[in-house]
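Work the whole structure out from these sequences, hints included.
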Amino acid sequence: MGYLTYHYDCQPDSCGPLARCTSNGGCVCIDGYEIPPKYLPDNESYGCIDIDECKKTTGICGSNSNCTNNMGSFVCTCLTGFEPKDSGLPPNETNECTDIDECLENICGDGGTCTNNVGTFVCKCNKGFQNVPSAKPICQDIDECFNSTVCGPDSICTNTPGVFTCECETGFAPTVRESEPNETNICIDIEECVEYTAICGPNANCTNTIGSHTCMCLSGFRLLNPDFIATYDNPCTDIDECAETPGICGKQTVCTNAPGTFYCSCPDGFYPSTGILWKLGVSFCKSIDDILNEIKPAEGQTKERAFLGHMDEQLKNNSVNGLPEATVANSFSASMEVSGVGPRARSIRVSSEGDGETGSMILGISDRLVSAMVSLGENKTEKAVRSPTVDLSLTTIGPGVYENSSTSLSANGNLMDINLQGLADSNNGSAAAAFLTLNGLESLLSHQYFKTVNKTEMYSDVFTAILPAINNTNLTEPVNFTILHKKKVPDSGMVTCVYWEDNSKDKEARGGGGDMGWSVDGCWATYTNENYTVCSCSHLSTFALIMQIGEPAPEDPFLAWLNRICVIIGLFFFGLAILTFLLCSWNPKINNTARLHLCLNLALSHLLLLWNDKYVDHKLACKVMAGLLHFLVIASFVWMLLEALQLHLLVRRLTKVQVIQRDGLPKPLLYLVGYGTPFVIVGVSALVYSDGYGATEAQVCWLSRKRNFNWALTGPVIAILAMNWTMFCATLWSLRPTLANMKSDVSQSKDTRLIVFKILAQFVILGCTWILGLYQTNLFFQVLFIFLNSQQGTFLFIVHCLLNKEVREEYIRWLTCSFGKDGTEQRDVPSVSEAIDKAEEK
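Numbering (our numbering), first residue to last: -3 to 838.
Just so you know, these hints were derived from the structure itself, not from any lab. Check the hints yourself; a few may be wrong.
[Claimed, not checked] Straight-line distance between alpha carbons at most 25 Å, and here's what the computed DMTMM-like set of lysine to aspartate or glutamate pairs gives:
#	residue 1	residue 2
1	379	321
2	379	308
3	52	89
4	483	351
5	663	802
[As the list claims (entries may be wrong)] Here are the computed distance ranges between Cβ atoms for each label pair:
#	residue 1	residue 2	range
6	239	285	28 to 36 Å
7	187	478	43 to 51 Å
8	396	522	27 to 35 Å
9	499	228	55 to 63 Å
10	9	112	52 to 60 Å
11	522	270	44 to 52 Å
12	713	578	25 to 33 Å
Glycine included, C-beta positions come from ideal geometry on N, C-alpha and C.
Structure follows, in structure tokens:
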């Protein structure tokens, strides 16, 4: 309802505020305003007031909406959770507000579940999310890592939507490893050095630090790449001090590099000035001769024995384990050298009976040297010492090793099988065993120390088995030794397993004399063939194989007498033949050089054979005699070959009816071949194996069968006999035309047979009679062997002197003292054989 006021001239300010002029000059309230009820306008104000449409017209905005009155107007808005049907227009009675489905807009996000209601919605946030109405999306992730203690100390917290993870920093691990770290299961330091023992790689020390560790190479090692910590990929490698610092040990020394260290020792023939233990910067190498010269032994003691005693005493006082192999080898070499045996023995000091006292000292030193090598650990270790003097194998096992089978050790081809695990079980899980041979020890511990009525001979190396560095040495089962034979076992012999028993110290302590020797107690042979024997022993010691052979039958006095008489007769005829060749008036063109020296060498060899059993106990004299006999026998065969060669050349010239200027080869050539050949053979043999000369099993001075040294004689003899046989066949072939015409010329037939007889007789008597020595089974062959071999001088005298007419005539002149008679007296008719000896006259 309103009132109108008319004005003749209605101006904008005519109707007052909130009113306007109409076209007909009246006043009216502007839109949204009205005249208050019962209000009368005046000239100054029309009195318009705002119309409250929201109250005046219920539902003006429609349902689910809010109406907001403004001055002169109103505004309709939808309630929260609603929107107009036509979003481009405001809500009203016709464009009503409808519910909004907020869940379609993913308003809660992925961290929750949305439930739509009329005009509203509900977000149910998942674990790890929280409801933040002001955020979008509403379900916001909870940053648990914001709490610095959520994972505990020394940890790393990583937040992810809805969850978080905890992990320990490098070098740390949860207290309970199976669970992730948290406030109660905190991270603690990992002791890498304990849990990962190989984390630094080999040859390094690991030191744990909080959250980490450090690696430091052991002394004597350095990193392959020093820019990185030691690991298996960057290990600590050995420093070769010997190569990087030449002369680090000094002059005349041997530097041996070893993992993490190096060792100084002396070469063979020298010994450290400070004894066995080398002191760097103090010790130097002195020759053993110099050391012996400086020793002042006690009264009744030799310098050599004093040297061994000092070595033994130093080992007794030694507290160092892990003695280097080079030091052990040098000590063995020195001890054997001063004992006069072994490869470096320069003089013969030990008799054939041996030296058991020195041998026992060497065994004591061996035991202590091996014990000083041992350093027991957790695992299995194997060491070996190989030198011309010693061959040693050492095996140790610790608690970290279990041996299912027996342990085998070798020394110079011999084997020892021992149950080392059984010993370890009795010694807190650790045990050690050593097996060794010493070159020359058999000379000290001679087979003559074995008391028996039979003849004995050492048939193997002397070897020692030791259980070092353990307390309980009782064997759980017998030890087996596989022992190589030094030569073939004779059918009549019996191999005996023996060990060295030394009771001298016990008896001396009781006031009695010393007693030592080979014994069979606790050892027996379980198997033997021609090459080796297996011995089982219930204890350990020093062992050997001794061959027992029945005492040989006493020498037949008749054969000894016959041999001496026959050799003397043979020497007599050798003397006649030598005098004949020297004094007889031979034709100047005849060369008797080969025959003369053949007789000289055979005569000297027969003379020496009469005495070669007298010097068996004198080793040097026996060696010299054996070498001289070797030379004379070879020389005899060579001169026999030269004689056959000259005879062959002469026969060939005669068959060709050639004028012969001189018989045979020139003298210088004959001397060169006749004595040069045996000199070379004997010289080379002595250089290769000088110990091959000396006393043999037959107790004569001759060539040993060891290392087949007897072939130094057998080989050349067979070769010369083969050449002699070839020469004999060639000579017969040259005489073939004469033999073909034997029926037509009786005289020539007789002479040719004589030539053939001479050739054949010389070959058989001088070259083949030694074969009878293989058939000494009965008296007939023994007598035949003695007769034929002792009468070589007789046969040579008959063939070359008595069957020569010129020599016979010379004998007649000597016997009848008719040197001045006419040479035209009656003579025997000359023969073709004699013509050979003076063919130069043709």
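So, going through the hints one by one against the coordinates:
A threshold of 25 Å between alpha carbons decides the hint, and for residue 379 with residue 321 the separation of about 8 Å falls inside it, so the pair holds. The hinted pair formed by residue 379 and residue 308 meets the criterion: a straight-line CA distance of about 22 Å does not exceed 25 Å. At most 25 Å may separate the alpha-carbon atoms for a hinted pair to count; residue 52 and residue 89 meet this at roughly 14 Å. The straight-line distance between the Cα atoms of residue 483 and residue 351 is roughly 24 Å, inside the 25 Å bound, and the hint therefore holds.
Between residue 663 and residue 802 the alpha-carbon distance is near 22 Å, which keeps this suggested pair within the 25 Å criterion. Between residue 239 and residue 285 the C-beta distance comes to about 31 Å, which sits within the given range of 28 to 36 Å. In this structure the hint that residue 187 and residue 478 lie 43 to 51 Å apart at CB holds, the actual value being about 50 Å. About 34 Å separates the C-beta atoms of residue 396 and residue 522, a value consistent with the hinted range of 27 to 35 Å.
Hint check: residue 499 to residue 228, Cβ distance near 56 Å, so the stated range 55 to 63 Å holds. In this structure the hint that residue 9 and residue 112 lie 52 to 60 Å apart at CB holds, the actual value being about 56 Å. The hint said 44 to 52 Å for the Cβ distance between residue 522 and residue 270, and at roughly 47 Å that hint holds. For the pair residue 713 and residue 578, the supplied restraint of 25 to 33 Å holds, since their beta-carbon distance comes to about 28 Å.
In terms of the numbered hints stated before, the structure departs from none.
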